[in-house]
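Trainee: So the chains spell out like this:
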Amino acid sequence: MATHDLVVRIGGEGGEGVISCGEILSRAVARGGLNIHAFRTFPAEIRGGLAMFQLRGSDGPARSLSQSVDVLCAINHNAYDAYVGNIKSDGVLLYDPAFVKIDDRLGGRRRIELPLDAISNEATGASRAKNMVAMGALLAVFDVPVEYGKTLAGEHFGTKGEDVVRMNQGAIEAGHTYALQHMAEIRKPFNRIPDRDQILVNGNEACAMGAIAAGVDFVPGYPITPATPIFEFLCRELPRFGGKAVQFEDEIASLAAGIGASFAGKRVLTATSGPGLSLMSETLNLAAMTECPITIINVMRGGPSTGMPTKTEQSDLKFAIYGTSGESPRCIMAPLDIYDCFWQTVRAVRIAEKYQIPVIVLTDQALAYTSQNIDTPDLTDVELGERLAPPLDTDPETFERYADTENGISPMPIPGVHELMYMSTGLEHTPKGAPNYTPANHELMTAKRFRKLTALGRRVVQQSHVEEEEPEGVEVGIIGWGSTYGAITEAIEQIEADTGVRVAHLHPRILSPLPEWRIRQFLGPLKKLIVPEENYTGQYAHFLKGKFGIKPIEIHKAHGVPFTAEELVGAIKEEL
Amino acid sequence: MTTDTALKVADYKSDLKPIWCSGCGDYGVITPFYQALAEIQAQPKDTVIVSGIGCSGRFPYFCNTYGFHGVHGRALPTAAGVKIANPDLAVVAVGGDGDGLGIGGGHVAHVCRKNIDMTYILIDNSIYGLTKGQSSPTSPLDMTSKTAPYAYLEDPVNPLLMMLAYDASFVARGYSGKPKVLKELFTRALKHEGFSVLHIYSPCVSMNKQVTFKTMNEIVQPLPDDWDTSDRLKGMEMAMDTGTFYTGVVYEDHRPTIHRRLDDLEERSGRYDELGDLFRQYK
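Chains as they are written, first to last, in my numbering: chain A, 1 to 576; chain B, 577 to 859.
Worth flagging that the hints you see were computed from the coordinates, not collected in a lab. Be a bit skeptical, because a hint or two may be false.
Pair by pair, the computed Cβ-Cβ distance ranges are [as the list claims (entries may be wrong)]: (1) T788(B) with E406(A): 49 to 55 Å; (2) P832(B) with T177(A): 52 to 58 Å; (3) R240(A) with T788(B): 55 to 61 Å; (4) G546(A) with P832(B): 50 to 56 Å; (5) S845(B) with Q181(A): 46 to 52 Å; (6) S281(A) with Q786(B): 35 to 41 Å; (7) H4(A) with P832(B): 57 to 63 Å; (8) E406(A) with R831(B): 48 to 54 Å; (9) R837(B) with P194(A): 42 to 48 Å; (10) S281(A) with V585(B): 39 to 45 Å; (11) W517(A) with R831(B): 57 to 63 Å; (12) V585(B) with K432(A): 22 to 28 Å; (13) L384(A) with Q786(B): 53 to 59 Å; (14) E443(A) with A685(B): 40 to 46 Å.
List time: in silico DMTMM-like cross-link candidates among lysine to aspartate or glutamate, alpha-carbon distance up to 20 Å [to be verified]: (15) K589(B) with E397(A); (16) K593(B) with E428(A); (17) K589(B) with E400(A); (18) K101(A) with D117(A); (19) K432(A) with E443(A); (20) K589(B) with D395(A); (21) K573(A) with D498(A); (22) K545(A) with E516(A); (23) K859(B) with E155(A); (24) K528(A) with E554(A); (25) K859(B) with D59(A); (26) K859(B) with E147(A); (27) K551(A) with E475(A); (28) K573(A) with E554(A); (29) K593(B) with E397(A); (30) K432(A) with E397(A); (31) K101(A) with E113(A); (32) K88(A) with E113(A); (33) K754(B) with E615(B); (34) K528(A) with E496(A); (35) K756(B) with D801(B); (36) K859(B) with D195(A); (37) K859(B) with D197(A); (38) K551(A) with E516(A); (39) K188(A) with D70(A); (40) K432(A) with D591(B).
Note that this is a predicted model, so its numbers are computed, not measured. The beta-carbon is built from N, C-alpha and C at its ideal position, and this holds for glycine as well.
So that you can see chain B by itself, here it is in the shape it has in the complex (with noise of 0.2 Å):
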């Protein structure tokens, strides 16, 4: 592969086949991708895809990029070293709501709060499906499953109200019964300058009774035409609208990401020529 040949939708898929189950979600997420990086045109050698543990950890695997699969729920902060490492790679990192929003859920205000230029596909169920369905942050109350099983006692998370509070300077929702808008969502997520989150529910077959295709294709509805992504207040007011999934880009802002800051620290700190400088300042 060349950079003057243009990289055809195939060109991403690795030598792998994807285990997911049959009927999955996730292929409705991975096919769009797939698509977005050849819109896109990213270079291969230049894409780094991080994931943490779950069914959609194994994400990396079926795309030829470079990828770091690594412990459950620090997809976002390895994630972000390698972007924080060279700025010239495009980096992604993906998983599910229990790596994201659980174990790996103290992460998220902080990737947010450095603006790291990355895209985060979060990829919800609503189950912990690769250890066989247990109850997960966005499992909802009364929701059964083998670790409750009389009743989810918890309320769920809200990821969408989550992203926005902790002001990540892209967010958008999609739906993986819904690819077309998905190829749409990751083109602008991947484009956005800054750290953009994309939310994508996609329904676990085999260990999630409650939340299904059926359900989800219920409240499925895209964003009025006229919506206003500047408008961060009024995203949280239709996060809050659990009635209803709104799919579309929620919430785009546009502020330097912690690359630029870290350039203009060099400048402000000064350069050394050689250690011996250091050395000077102890004698």
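Same shape as in the complex, but just chain A (with noise of 0.2 Å):
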């Protein structure tokens, strides 16, 4: 069945609810039956500046952002400016004739005036209503009952009082009549799917919600942009659930008191960005030292240093996979969609506690501020996973809690609740946990403390497999990781159909330690390895170069937006 795809872009001044008019125009689309993904661009200045949202929707499974729009709806002259030139050969202009001077760059594509100054004056007797003018248009376009939208407009402005939301309601349903007169051409046959159980998330709620399904009960933060929505919404709602979410005065102080807790029992999680990761990396160590389970989900932004805080990168891997003084054991994650955000902090919680060590999951910028319907996770699946505690009956004279056993994971004992008082270091220490430096002791406790990873290593390798086995024959695969998963799969299927070649595709979600046997599987029968990111050098094929000795094709875009599909299909074939 062939699937209709619209893709709506929205541009405007920063401050003029380029943003709200998006997220509501989103939920609605997405309760009208349609799959959505929906991302955004906004200036780091709260006003000022052009902030763009761009919306897809499909009945087909929407996995990336588009580069090219169908519609694309210009608030004001600087939108038309920055974006006149992604729209399709058969897609269309909206424009406000009032501010936007049309020029030779639209060519011969469609446009259809759609005065929203004008209409929101009318409708409402302010302009400041235009962009709900807009969302109404926008509603029209995409065949969803206008109810929808002014019924979540109530909800949105419902705490600004009732003129507000009669005023918006009135935008709205003025916008939307305009567009059933002056657009109805645009609509597509859409194969909706209503009433499915779903909710509409984006990557750093979906992160937020999986910490709350992990059992997380303690977080401690400090704001960084584009990280702090994640503490802002466990500051909100982690309260609800008996647990505690805290704010200190740094990153350091913020990991430090995590350590604290997770040394006092608690499940702790944090979120942070590469520069707050940096200010982590000594405490980082000491929870691989001290062996205190930790959960740090690190939202990527273009870098380095300040760099570019609202634009996206996939360039802290190298940070997190070796960014630490001496050697300690940890383990890197990156989910690849919205979903796959709770799912993946649901299981670096319980890697965490399992294995008592740090974990690192990878989401960035785009990830974070990409909007999707997902299915309401179904929280019998969650798997919590137990840190390994000592019996209550142990005795304190032989006990040892960083005791050298088989796959190097020791009983840790709860202060307050145990009767094995005992010293938690980040010296090197016996088993016991005295301070030692002697050569034996620092190879033995080494050796133990990253037998860890090797057994954690040994899972993966049981749990990472791709459901479908590679096709027969194949010669060309694709390794990415994180958020390119959704480009990379619509680009192999776009390439499938235009050459008929075929390409496979590997997506750890583990990075760190790497599924070793499932990659020399991968490897295998491939004469070509394409690894594309979203970084300047190229840090996960250096990686697997170093690992496998193989000399991946690389394809990098540091343009601090994520790969479209489109922009893929191009790279990827002209190495095939």
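Using the supplied hints, reconstruct the complex from the two chains, each of which is provided in its own coordinate frame.
Mentor: As structure tokens, then:
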């Protein structure tokens, strides 16, 4: 069955309500029974600069952003300027003639006047509801009942009083009526699937929900773009589940407090971004050395240094794997879409607790600010995983907190619970926890800590296979990681349709320790391996190169915006 | 050990013998600390001592309680995490002037603001002792050290004034040459509900030749008997008198801890029965 897709981009001045327009529209379209993929960019300033919201609605899987759009809704001339080139040749420009001056860059593409300012003034007596006029018009374009938008606007503006709600609903109605008269031909014959049990969330929200599902009960934090919404979410929601979220004075204090709480028996998670992860690197090692479980969601942004806080990049991978003094075991993971953000967070906390190691989950600004409607997670699938505790009748004389066990995992007493007082220390220590710098002890304890990672690696092999085997006779394969999953999947579909060349795809969720056996199996028949990454230097490609002695073809993009499927199709075809 | 048997001072000593230099002031700190633990009958399994790096960082190794020896300068936030995680635990943070006022100085204001119910033992010797004699935040101006071979060019931090300015809810000062006084101060600090700071001067006999037991003995004096512990401003005035080293409880205030405030928060936010309640907000 053919699928139908409609990509709409709304552009305007930051502060003109582009984002709230997009958010409400997204939810209405999702309720209307389409799969949506919504992305936004905004300037770092609260007001001013160009803000953009892009909504893709589809009756097939809407896995990625699209570079070109079917509909551009330009609220001001800057938006027209920036995006006119992205309108498909059969696409259409909706524009406010009072603000947008059309020039020959539009070419032969259709345009339809949408006098937002005039409609808003006529319907509400003010200009400021023009974002809601746009929303009403776009509801008509997506063929979604106007009531959905009005109900959602009522919830959105509810706290601002009845007058504000009425004004915005009036604007929606007016925009919708106008569009029915002028834009009927843009509509697509979608096959809708209404009444699904779904939630509409972005990557940050999915991670935060995952943390709650994982039984996290202490969240220390420090605000940093673009990870702040995870912390804000947990500050709001965690107390409702009996947990505590507390803001500290910096990332160093935040992770130190997290380790203290983990030592005291809590399940701990914190969220940060590159600069914050840098500050955490010393305390991260302390967690590894004291074997205190802890999970860090690192929402990657454009770097280095302050870099581009509101833009995306996959550039913290090497730092996450190697950014440490000395050698300490840690696990690095990367969810591949919004749904996966939920489940990999659950899994990360489980791994941290079970192996008593720090786990870093790498998401990025693109995942963090992409919204999708996903099936409501089935909580019966949540596996918590418990920390190994000593039996309550353990003899304190012989008890060893850091016992040298077969898989490296040692029983961890909890203060206030066990009568097994011990020293947890960042100094090299004996199995009992006493400081010791002898060669034999350092070798013994280093090996003990790393054996946990070996044990985890064995589990990862069992868990990280993709459902289907690679197609027979395939010679070209792609390994990706993280948020590029959707764009790579769609690019492969397109390439196979265009050229008939089969392309295999592996997208490990645990990046380190590497699922070595699985990757070897994947590499086996390949003549060419392509590794696309949103960074300048090819960080995962280098990691694979070092482990397997292979020479992947690297595709890099360090623009601060995600790969689109169209871009990857072009780049991959060049290598075929 | 069971809770119905009284614990003795010896019960708080671990099997590890302190490894401080002979004559180190820190012996005069840990002995009254053991005595205070026995005085309040602290339960070892419910007690956590967190330390940073430095000679004083070894403190928890010598105590028969739970201990956490973290990284340099982070004893306070680490201890804060322990206490917020489980307010039923008795939590003590311990560290030196370098650890608490130098690398970790930025954390002090914030534990004070949170009024975390724990005790901070700030053991001051005006020198980096463990690394054998570099200048510290409390080294006097002009004092020579290995990193100030000609003269120290900075004015010292005034720890007492700093703690009062940040409004720690309990501020006391002691001296390791007066262990009896210290036992009383420890006992009161441990009993205080809120963030209690005990600034203790403990001379380094190996590395600091300028501030010594001898020079300290000349300036140490108890606070007057009628000292008003509710007068913060007066306390600050006293702290600014650098000619005399007054010991005793300088300031005490009773206000809610963050633990109580967090409990209130749970009431304010309301409870969800299950995650499904949250999912419904995102349909």
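Trainee: Would you mind marking each hint as holding or not holding in the structure?
Mentor: How the hints compare with the structure:
no., hint, result
1, T788(B) with E406(A): 49 to 55 Å, "holds, 54 Å"
2, P832(B) with T177(A): 52 to 58 Å, "holds, 56 Å"
3, R240(A) with T788(B): 55 to 61 Å, "holds, 57 Å"
4, G546(A) with P832(B): 50 to 56 Å, "holds, 54 Å"
5, S845(B) with Q181(A): 46 to 52 Å, "holds, 47 Å"
6, S281(A) with Q786(B): 35 to 41 Å, "holds, 37 Å"
7, H4(A) with P832(B): 57 to 63 Å, "holds, 59 Å"
8, E406(A) with R831(B): 48 to 54 Å, "holds, 51 Å"
9, R837(B) with P194(A): 42 to 48 Å, "holds, 45 Å"
10, S281(A) with V585(B): 39 to 45 Å, "holds, 41 Å"
11, W517(A) with R831(B): 57 to 63 Å, "holds, 59 Å"
12, V585(B) with K432(A): 22 to 28 Å, "holds, 24 Å"
13, L384(A) with Q786(B): 53 to 59 Å, "holds, 57 Å"
14, E443(A) with A685(B): 40 to 46 Å, "holds, 43 Å"
15, K589(B) with E397(A), "holds, 15 Å"
16, K593(B) with E428(A), "holds, 18 Å"
17, K589(B) with E400(A), "holds, 19 Å"
18, K101(A) with D117(A), "holds, 15 Å"
19, K432(A) with E443(A), "holds, 15 Å"
20, K589(B) with D395(A), "holds, 19 Å"
21, K573(A) with D498(A), "holds, 10 Å"
22, K545(A) with E516(A), "holds, 12 Å"
23, K859(B) with E155(A), "holds, 13 Å"
24, K528(A) with E554(A), "holds, 11 Å"
25, K859(B) with D59(A), "holds, 18 Å"
26, K859(B) with E147(A), "holds, 16 Å"
27, K551(A) with E475(A), "holds, 15 Å"
28, K573(A) with E554(A), "holds, 13 Å"
29, K593(B) with E397(A), "holds, 17 Å"
30, K432(A) with E397(A), "holds, 10 Å"
31, K101(A) with E113(A), "holds, 11 Å"
32, K88(A) with E113(A), "holds, 18 Å"
33, K754(B) with E615(B), "holds, 18 Å"
34, K528(A) with E496(A), "holds, 16 Å"
35, K756(B) with D801(B), "holds, 16 Å"
36, K859(B) with D195(A), "holds, 10 Å"
37, K859(B) with D197(A), "holds, 8 Å"
38, K551(A) with E516(A), "holds, 16 Å"
39, K188(A) with D70(A), "holds, 11 Å"
40, K432(A) with D591(B), "holds, 12 Å"
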